[in-house]
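Colleague: Sequence:
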Amino acid sequence: MFEDWPVKFTPAPRRVYDPPVPVVIDLGRAFARTPRPAHRGLALRVKAEGLHLTGTARGLLRAWVRTTSGDWIGLCEVELHSGNGHGTLHTHQWCPSGAIAPAPSEHH
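Sequential numbering of the sequence shown, starting at 1341, is according to the working numbering.
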């Protein structure tokens, strides 16, 4: 993944997880939105077939990378759904650290 990114200092400004780590992604924080006036409605087809980018989604954290401003971003594998739930998009997304949380344990 980082073959073309040589690093001279330690610790390295990145970390790869293999196997990936289960996480929960806050979609509203992970995906920036363009502000739009509330009075401008959306067509039903957009609400139904556009990607639903609010709430949370389970995903897999594949890597962390530090930015030049000191922030951390995580490479997450996540499955996104359309508003009507009929469409699915499997994607890898760099998400800010504040949008990523460890997934709750599935053991009871």
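Since the hints were derived computationally from the structure, they do not count as laboratory data.
Take these hints with a grain of salt, some might be off.
[Stated by the list, open to error] Here are the in silico distance ranges between beta carbons for each label pair:
no., residue 1, residue 2, range
1, 1388, 1353, 15 to 21 Å
2, 1419, 1387, 42 to 48 Å
3, 1358, 1392, 25 to 31 Å
4, 1411, 1442, 14 to 20 Å
5, 1375, 1446, 15 to 21 Å
6, 1392, 1356, 25 to 31 Å
7, 1374, 1354, 27 to 33 Å
8, 1381, 1410, 36 to 42 Å
9, 1358, 1383, 16 to 22 Å
10, 1374, 1432, 28 to 34 Å
11, 1354, 1430, 19 to 25 Å
12, 1375, 1442, 17 to 23 Å
13, 1380, 1411, 19 to 25 Å
Note that CB positions come from ideal geometry on N, CA and C, so glycine has one too.
Colleague: Could you work out which of the previously given hints the structure breaks and list their numbers from low to high?
Modeller: 1, 2, 5, 9, 10, 12, 13
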